[in-house]
Amino acid sequence: MKGAELVIKSLKDKGVQYVFGYTGGAIMPVFDEMEKQKVFSFIMSRHEQGAAFMAQGVSRASLTTSNPQIGVCMATSGPGAMNLVTGIADAGMDSVPIIAITGQVPSGVIATDAFQESDVVGVMMPLTKQTYMPLRVDQIEESIHEAFHVATVGRGGPVVIDIPKDIQNQETAADYRFDPIAFESDLVGMLYSPHPERETIRKAVSLINRSERPLILCGHGIISANAGDSLKQLAEKANLPVAFTLHGLSSLPVDHPLSLGMVGMHGTVESNWALLNADLVIALGMRFDDRVTGKLDDFAVNAAVIHVEIDPSEIDKNVKTNVSINADAGGAIQQLLRDPELISKPRRLWFEQIETYRSEIVDEIQEEIDTGVGKEGQLLMKTIVSKLSKATGGRDIVVADVGQHQMIVARFYNFQTPNSWFTSGGAGTMGCALPMAVGVKMVRPNERVWSISGDGGFQMNIQELGTIMEHDVDIKILLFNNGYLGMVRQWQTLFFDGRYAGTPMKNPDFGKIAAAYGIPYQRVAEVSEIDAALAAAAEHKGATMVEFLCDPSEIVLPMVPAGGGIADMITSLKKKK
Amino acid sequence: MTSTHPMKRRAILIFVLNRPGVLNKISMLIRRKMYNVETVTACRTHRPGISRMTLTLYEDSDDKMIQVIKQIEKIAEVLSAKELDVDNSFWREVAVIKLEASDSLMERLGSKYNFEILDRQENEVFIIQMAGTYGLIDEFMQQLGEGKIIETARSGFTAMEK
Ligand SMILES: Cc1ncc(C[n+]2csc(CCOP(=O)(O)OP(=O)(O)O)c2C)c(N)n1
Ligand SMILES: [Mg+2]
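In order, the protein sequence lines correspond to chains A and B.
Residues 1 to 577 (the working numbering) are what the first sequence spells out, left to right.
Residues 1 to 162 (the working numbering) are what the second sequence spells out, left to right.
Keep in mind that the hints are not guaranteed to be accurate.
Taking lysine-lysine and the DSS-like style, the derived pairs with C-alpha atoms no more than 27 Å apart in a straight line are [to be verified]:
#, chain 1, residue 1, chain 2, residue 2
1, B, Lys33, A, Lys317
2, B, Lys82, A, Lys317
3, B, Lys64, A, Lys203
4, A, Lys317, B, Lys112
5, B, Lys98, B, Lys64
6, A, Lys541, A, Lys512
7, A, Lys203, A, Lys237
8, B, Lys162, A, Lys320
9, A, Lys320, B, Lys148
10, A, Lys295, B, Lys64
11, B, Lys98, A, Lys295
12, A, Lys320, B, Lys98
13, B, Lys70, A, Lys317
If the Cβ cut is set under 8 Å, some of the chain B residues that face chain A in the computed set are [unchecked claim]:
#, residue
14, Gln71
15, Ala76
16, Leu84
17, Leu118
Just so you know, the hints here were simulated from the structure itself, not pulled from any lab data.
C-beta: ideal position from N, C-alpha, C; glycine also.
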């Protein structure tokens, strides 16, 4: 068999159903074989970065379905592979397993600056969990199978396989055999079997039992382990309030009585004040990112810390722990639950305190939501998202881009469905939403998918409207147009005396763009029109787009200023010191 | 790594699968952590396919050392990584030195230091090989007196715990 055939065979053996990509000279043999065999759906993106985010959408969204998939993207050598880089780096930062297969110039001319040659392995190595360059046809299957193993074992992440064109065309020897079922990787560094000791679990339980002011921080690890139910049991059994990191959202219904909503830079007041005043932080599947902790010197100074984390190198990295459990979050929670010593306590004072925190700005925010327009008379994003949340009951999937609109969705959408929230967190890559939503929709075809972008990020991968048109991808695109790179503008308002350097933007007629792609479009400028527009979008079969004219003066609050501690949180501009 | 220079020399011992790119990954990680690698040595072991690396750098904080080691351990091809117990290890280096010295000086040095003469040219130019601790080799080079060093090649540390 030819190398290219083995590539397709390996993907088939791995159960791959969707491949996203863009062709070019050095990957043509693989594309040709794909066309001959037709064993999966191929979706051509309009830019390789789009393909990487589509692959992410598949991996992220299918995790909780009966048919978990690993997203695969493909590109040609040189510029093709380089265009994948941002999407792959993003997957690394957010622990999303994806596979990228790139064509490379023929092995004989590697490292000679041949046409469209880039050092893909060299570039990708620090961004991925592993990179491969098979230099003989008989290494292809092994590399791809190992790549899937590495991408998914422990903490997920991207893996790249860079295949020289001559190897794609090479024929296997007559005695070539590869058994995909018996194959086992010898990459010892990836094998890990963290079995928390009974004693460690007991220590954690005793800290929980003693705590008067505990707080669970639920991270992405709960989503990745599909452990929302376990988390709910633990929180309810031991009566523990839960705050969520950006990627922990949608682990539990966010209006669960024990939920305090999102924590961190743009978290809720109640979760941030609770974190500041807790005597015990129970961190589950998260890595104490600086957007969560604020200034580390001031973080949880009065709290004991229990850290459950699958990646041992995250333990004691940013925050010193009292008890660390190096395990999959789901398994560790089950062990905590099985411990007969674990008790429930009323913690009345603590919950009363949390209620007080919650009430601090709740009226002010509700008032803004009800008014619906900002200082310049245009729509407030929080009003739109609140209405979307009501209209959908919080049950639909939302994919958000990066910026103010993202933080506002995270804050004001009432997440009900497990694993229904997708965005770029660790990297915060503008432009992620539109392509990611395409991947999400492929693997969750029966759920409604809203893709929410700002006017800046939307234009970073706007070309994927072509993919959406071609494949009739039924996503509801909401464009929050405030004429600015809003989140940066917000920092300029608060910390740069309102000098708006490089943030105002002259935008195109988005209606005409939608029309060019045959996508039905609505434009909403009035509060009174929001509900009807959302309802029409929801009911329409197929892609549709709604542009909201948003107020550039809206500020996402609360906000823990970058570099500050949680105590420096700005909760209201009226009260700003 | 910070503006004040860390003083404490550390050694990390790493066993890896002998696959392409491993050394690159480890050195990239160390660079990301903004260390300047002092010395690095790598060699095969008696177990086929497995190599041993010894790496030295300066770092005062124990916590930071633990972090670096955990991140090294995360690399797929790394079998194990640990910090060497400096006080309980043998640290050795090999030096090959080309020098100019009179026969009588060579004789005097020979009585004090253990080295092997690999090559001797007419004009009192020698190539010698010497193994020992870092300090011993340094000391030897300082003790040359009227002799003159032309070129030195030092292997970098390798070490073994008691
Ligand atoms: C690729 C990329 N470039 C730059 C940034 C920095 N950045 C973060 S948010 C933001 C503004 C986003 O503007 P827009 O998409 O209009 O959303 P808004 O904040 O206005 O809702 C920028 C420039 C980024 N996150 N990603
Ligand atoms: Mg904007």
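Hints versus structure:
Taking the CA atoms of Lys33 (chain B) and Lys317 (chain A), the gap is near 13 Å; set against the 27 Å cutoff, the hint holds. Straight-line distance between C-alpha atoms of Lys82 (chain B) and Lys317 (chain A) comes to about 17 Å, which keeps the hinted pair within the 27 Å bound. Restraint check: the Cα-Cα separation between Lys64 (chain B) and Lys203 (chain A) comes to about 26 Å, which is no more than 27 Å; the hinted pair holds. Between Lys317 (chain A) and Lys112 (chain B) the alpha-carbon distance is near 49 Å, which puts this suggested pair outside the 27 Å criterion.
At roughly 39 Å between alpha-carbon atoms, Lys98 (chain B) and Lys64 (chain B) are farther apart than 27 Å, so this suggested pair is violated. With a CA separation close to 20 Å, the supplied pair Lys541 (chain A) and Lys512 (chain A) stays within the 27 Å bound. Annotation: proposed proximity of Lys203 (chain A) to Lys237 (chain A) holds, straight-line Cα distance about 17 Å (limit 27 Å). For a cut-off of 27 Å, the pair hint linking Lys162 (chain B) to Lys320 (chain A) is broken: about 31 Å separates their Cα positions.
Note on Lys320 (chain A) and Lys148 (chain B): the hinted pairing is violated, with a Cα-Cα distance of about 53 Å set against a maximum of 27 Å. Of the supplied pair hints, the one linking Lys295 (chain A) and Lys64 (chain B) holds, its CA atoms being roughly 18 Å apart against a limit of 27 Å. With a C-alpha separation of about 54 Å, the suggested pair Lys98 (chain B) and Lys295 (chain A) falls outside the 27 Å cut-off, and the hint is violated. Restraint check: the Cα-Cα separation between Lys320 (chain A) and Lys98 (chain B) comes to about 51 Å, which exceeds 27 Å; the hinted pair is violated.
With a CA separation close to 10 Å, the supplied pair Lys70 (chain B) and Lys317 (chain A) stays within the 27 Å bound. Taking 8 Å as the C-beta contact cut-off toward chain A, the hint placing Gln71 (chain B) at the interface holds, the least distance being around 5 Å. Interface restraint check: Ala76 (chain B) against chain A, minimum CB-CB distance 4 Å, threshold 8 Å, status holds. Given the 8 Å rule on beta carbons, the hint for Leu84 (chain B) is violated: about 20 Å separates it from the nearest Cβ of chain A.
Using the Cβ-Cβ criterion of 8 Å, the hint placing Leu118 (chain B) at the interface with chain A is not satisfied: the shortest such distance is roughly 35 Å.
Taken one by one, the earlier hints fail for this structure at numbers 4, 5, 8, 9, 11, 12, 16 and 17, listed in ascending order.
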